[in-house]
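**Q** These are the residues of each chain, in order.
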Amino acid sequence: MIRNKKRVPPGLAAGAAILLLFLLPTVLVPLVSGVDPNAMQAGAKLLPPAAGRWFGTDQFGRDIFVRVFVGAGATLSVAAATVLIGAFFGVLTGAVSGFFGGWADAVLMRLNDAVTAFPAVLLALVLMSLFSSGGAGRLILALGVVFIPGYARVTRGAVASVSARGYIAAARSQGVRRGRILFVHVLPNTLPSLLPALTIGFNNAVLAEAGMSYLGVGAAPPDASLGLMLSEAQGLLFSAPWYALIVCAALLIPVFGVGLIGAGLQRMGGEARA
Amino acid sequence: MRYAVKRVGSFAVTMLLVAVLTFAAFSVVSGDPAQRLLGTSATPERLAALREELGLNAPAPERFLKWLGGFFTGDLGVSFSYKQPVSELLGSKLPVTLTLTAMSFLLIVLFSFPLGLIPSGAGGRFIGGVRAAFNQLSMAAPPFVLGVGISWICGVVLRMFTPGAFPDPGTDPAGELRYLLFPAVSMAVPRVAMTVRMLRSGVESELHKDYVRAAAARGASGAFILRRHVLRNVLASSVTFLGQTMAEIVGAGVVIEQVFAVPGLGRLLISSVLTRDYPVVQAAVVLLAFWVCLAGAAADLVNRLADPRLRAEHKA
Amino acid sequence: MKKALFSFVSLLLASALLLTACGKGKKARPEEARRAAGELTVGIAQDLDESLDPHYAVAAGTKEIMFNVFEGLMKPTPSGDLARCLASDVKKSEDGLTYTFTLRQNVAFHNGETMEAADVVWSIDRCRPNDGGEGLIPALSNIADVTGQGDTVTVTLKAADNDFLSYMTLAVLPEGYGEQATSPVGTGPFRFVSREAQHEIVLARFDDYWGEKPALSKVTCRVIENAEGLLMGLQSGALDLVSHLGSTQVKQLPEADFKIEEGTMNLVQALYLNNAVKPFDDIRVRQALCYAVDVQKLLDTAFDGYGSPIGSSMYPAFAKYFDESLTNRYPHDPAKAKELLAEAGYPDGFSMTITVPSNYQPHVDTAEVLADQLTEIGVNAELKPVEWSSWLSDVYADRKFESTVIGVDASNMTARALLERFVSTADDNFINYQNADYDALFEQATAAADDAEQTALYKEMEKNLTENAANVYLQDMADLVAVRKGVEGLTFYPMYVLDLSALGWAAAE
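Residue numbers (our numbering), protein chains in the order written: chain X, 808 to 1081; chain S, 173 to 488; chain D, 81 to 589.
Take these hints with a grain of salt, some might be off.
List time: in silico SDA-like cross-link candidates among lysine to any residue, alpha-carbon distance up to 20 Å [as the list claims (entries may be wrong)]: (1) X:Lys852 to D:Asp241; (2) D:Lys464 to X:Ala846; (3) D:Lys238 to D:Val201; (4) D:Lys331 to X:Gly850; (5) D:Lys339 to X:Leu1043; (6) D:Lys464 to X:Ala1056; (7) D:Lys331 to X:Leu854; (8) D:Lys143 to S:Thr212; (9) D:Lys339 to X:Ser1046; (10) D:Lys331 to X:Ala846.
Coverage of chain D stretches by chain S, computed from C-beta distances (three or more under 8 Å per stretch; other residues unrestricted) [said to hold, decoys possible]: (11) 218 to 227; (12) 273 to 281; (13) 444 to 455.
For each label pair, taking beta carbons as the anchor points, the in silico distance ranges come out as [claimed, not checked]: (14) S:Pro216 to D:Thr182: 32 to 42 Å; (15) S:Leu473 to X:Asp843: 57 to 67 Å; (16) D:Asp243 to S:Pro339: 40 to 50 Å; (17) D:Gln229 to S:Pro339: 46 to 56 Å; (18) D:Lys377 to S:Phe413: 48 to 58 Å; (19) D:Ala532 to S:Pro339: 18 to 28 Å; (20) S:Asp340 to X:Leu998: 28 to 38 Å; (21) X:Leu828 to D:Asn408: 52 to 62 Å.
Honestly, the hints are just simulated from the structure, not real lab data. We put the CB at the ideal spot given by N, CA and C, even for glycine.
Throw the hints in and build the complete structure from the sequences for me.
**A** Take a look at the structure:
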């Protein structure tokens, strides 16, 4: 069998393109528009899209076009930071647990189970009220903790299966330090199964931010965030349907892009293994 | 046998940890149940009296042990807010939530397996691409947005059900089921998409494995290979995934019950957290956690029964 | 391959069929069935999350509904006066210390017992702070003695009190009945039927009611926490009436099916300032904020123009005490505001936080608009949404806050309740208002010989609050009620109640 040359799957390229096309205005619009996303206009409430206000205005007469991109920036940063925090601690616990086994594994996994079984919404609510100050920071921390167990479980499985491979046993028998084996030989080889988990995690983090705002414990108004805007838009479905549609689209596009990238990575990983 | 003992043991430890976590969370969270109950008309005297009455003055470890003792004797305490025994309160909410979860789980299994096991090439590249895109989109849809959308379209526009008019629990089982179908669908859609994706990538990676190639080389038909070899292996890994999905729909249900005004456990949980009704929260969390752990254990068990390798490992 | 595609498509079809099949069965629309049976379903945004015992119940939302189940010797009227209710006659002694109530005859409790003087005495004793009672209502500590005999009840006071009769709206309960918390019994036009936590409260017409019997046979109060859910419930036919909606919400309801009635919330909504913390301990800073805020623009931006501006801790429904002139004490004047800030040592403004209860959207919206308006004078206000439980503990009880947007009500329908809280030593003086003149005025007002003198003193107190810019007073919010066409008789009170006994369906055309 001829080994496939590592080819970038079309999904991956498309996903990257979509994501880039979305990130560009997210970064640029707040910089160049010169419109204050929080400036209110009593006389211009809930106006439909038109020239000069491409996405219309919200219930306080704020410009939705600018707010949507500012909000997307906030939401995506929260999601990315959440994934990073969750993945960092998750991978760490999962690796220790899967590689060393024994009582460390037993303790960590029980703790993991307990956090998983604890309703995520409640966990986030509790953490949010614990850290009563510091807007986005506490949201990231709260959601990050919720995401740890998922990554820990995936990592643990992957580490265990990589550790069972012959070359690891060989390295062990040659007396290579265990820490070195874990970080140099094992962890890099778990990447193919971790990457898709990361992208799905991003998806879930964006949704979680939105869900928290829906429950009224997410981002603090008046600062824009997609979750907050979505829960506002939802209450205005009949008087300003475009508002909900636009925010939904802004939420779906980057998640869609990242999802495609994830699927592509998974496929690449699969081919590489074959 | 040893496995069973170990499993039950870890189950118990997990549950205990959950209970401790819940209790610990509330001893650090701001907001005083007595203050909440008395609102803005609280006087210092009444506050003190009510704290005493609710047993809030005892140190936290003592309260926890008391709760644990009550738990084992079947006494879950009395709700601060409703002045009703907690077991009674939860008992009236549990059937609704269990039905909702079960319905949504059933929908997930019913739809994701046929969709996920159709080879991804089916229908040509274009349809395959559309399907993948559609899948990706449904995965990205926040359940509560889906819920509101379904309520508007099916409830207000098409009048297929009456959002906000959940039948009084226990009086109209058929009506309850019909009402619950809509929240169940909103919970299922994103999970169907995820399960489909998981199945498809499972099938694909199996198809690349050597034994499949070998079988194909021996001249076995594609359908035979799929049925005989691939499915078995994919199903084993998907059982674990479904166990996890079960845990996730319990979480999603908390929000969906709110959107559809379903009087279930999740909604009670949220409102009890907000009103600091500790006895209810404590019991509800343990109950939900039990359900989640049970799903995990069931998945484990099924896997063990289906996979001879795992059984052999433990006999050795 | 074709087979696979076929099965995919047929699955989609099957799912669509399944969904529509469930919707078949053309039954009468739910609202029409209710109309025929004389029933009504009301949507409420918060569960009555506490004991239903009226002496313990304190939440406004609970009183709003249970108003229909319980009655006192006196009852409030829509115009804000007091009418005789379970007392058919009241006599006040010359010195104002003794009140003699003649009880109405043949008044039945919902459990079949007949109301007697002993029940009245028991109910009052239960609430007043004395040896035997639980001290549920501190204001009743003024009562020296309560006695009942035959059909009269005599109450003796320690000191004369012009507001005393308003406390006698206190619910009369059957003596010794032990299940008020879960299965309440009163004498009102509706009796309690059942309750399902987080779902509904059911009331039914009390057929042995002593007065005019209500038109509705059954009222269900359905709990739906989210605003979209309430709107959806109205349009789907699940609900007939929802109070306290926002202006953007009512605009979305089809005019053909619903009418919108406008009342007042009877709340003093303000940006309450913690007078004990910097920089709000400086009167110039507080006044600067008052000048910086444009109340009319706030109403236009966040409330579509609904709501009445106010200038002190009194709302217009208390017509006797309300002083219109205070409303315009601080016209919108950013230049003046900046000047005051500079004098106070903040020429470049400052940063502050506004704590808001996250579940009360109107207050969150208000804070959002205020933050926007304050940027004009260089003040950077950051919002801090907190849960209601945290608000009560941290802001209200512990007074750990800088500023907060909230609506304060008159808990027992007296003007005094609105003003008493700002006395330096009051337990509920959560803004830490310390003003010797104000305390002195209050002393004089409670000791006032007659009503006219007391009223004048109350007005002085209001003026004191305004002049010292104790808070940035905003408005008494509008209470928008969506009512299904065909439902008639909605009456507004100067308090937070929903009078179900006046409601009914119009005769079908």
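**Q** Determine for every hint whether it applies to the structure shown.
**A** Hints, one by one, checked against the model:
A distance of roughly 50 Å separates the Cα atoms of Lys852 (chain X) and Asp241 (chain D); the hinted pair therefore is violated under the 20 Å criterion. Between Lys464 (chain D) and Ala846 (chain X), the direct Cα distance comes to roughly 19 Å. Compliance with the 20 Å bound is thereby established for this hinted pair. A distance of roughly 17 Å separates the Cα atoms of Lys238 (chain D) and Val201 (chain D); the hinted pair therefore holds under the 20 Å criterion. As the CA atoms of Lys331 (chain D) and Gly850 (chain X) are separated by approximately 17 Å, the hinted pair is consistent with the 20 Å bound.
For the proposed pair Lys339 (chain D) and Leu1043 (chain X), the alpha carbon gap of about 19 Å is at most 20 Å, so the pair holds. Proposed proximity of Lys464 (chain D) and Ala1056 (chain X) is contradicted: the alpha carbons are some 28 Å apart, above 20 Å. Proposed proximity of Lys331 (chain D) and Leu854 (chain X) is supported: the alpha carbons are some 14 Å apart, at most 20 Å. Using a Cα cut-off of 20 Å, the hinted pair Lys143 (chain D) and Thr212 (chain S) holds, with the two alpha carbons roughly 14 Å apart.
For the suggested pair Lys339 (chain D) and Ser1046 (chain X), the alpha carbons sit about 17 Å apart, so the restraint of at most 20 Å is met. The straight-line distance between the Cα atoms of Lys331 (chain D) and Ala846 (chain X) is roughly 24 Å, outside the 20 Å bound, and the hint therefore fails. Chain S is given as covering the segment 218 to 227 of chain D, and this is violated because 1 residues of the stretch bring a CB closer than 8 Å to a CB of that chain, at least three being needed. With 5 residues carrying a beta carbon less than 8 Å from a beta carbon of chain S, the segment 273 to 281 of chain D meets the three-residue requirement, and the given coverage holds.
Residues of the segment 444 to 455 of chain D lying with their CB closer than 8 Å to a CB of chain S number 0, which falls below the three-residue condition for coverage. Distance hint check: the CB atoms of Pro216 (chain S) and Thr182 (chain D) are about 38 Å apart, consistent with the given range 32 to 42 Å. For the hinted restraint 57 to 67 Å between Leu473 (chain S) and Asp843 (chain X), the CB-CB distance of approximately 59 Å keeps it satisfied. Look at Asp243 (chain D) against Pro339 (chain S): about 46 Å separates their beta carbons, and that is inside 40 to 50 Å.
A C-beta distance of roughly 51 Å is found between Gln229 (chain D) and Pro339 (chain S), which places it inside the suggested range of 46 to 56 Å. For Lys377 (chain D) paired with Phe413 (chain S), a C-beta distance near 55 Å keeps the hint of 48 to 58 Å intact. In this structure the supplied range 18 to 28 Å is violated for Ala532 (chain D) paired with Pro339 (chain S), their Cβ-Cβ distance being about 58 Å. Under the hint 28 to 38 Å, the C-beta atoms of Asp340 (chain S) and Leu998 (chain X), about 54 Å apart, miss the expected range.
Restraint check, Leu828 (chain X) to Asn408 (chain D): a C-beta distance of roughly 53 Å satisfies the suggested window 52 to 62 Å.
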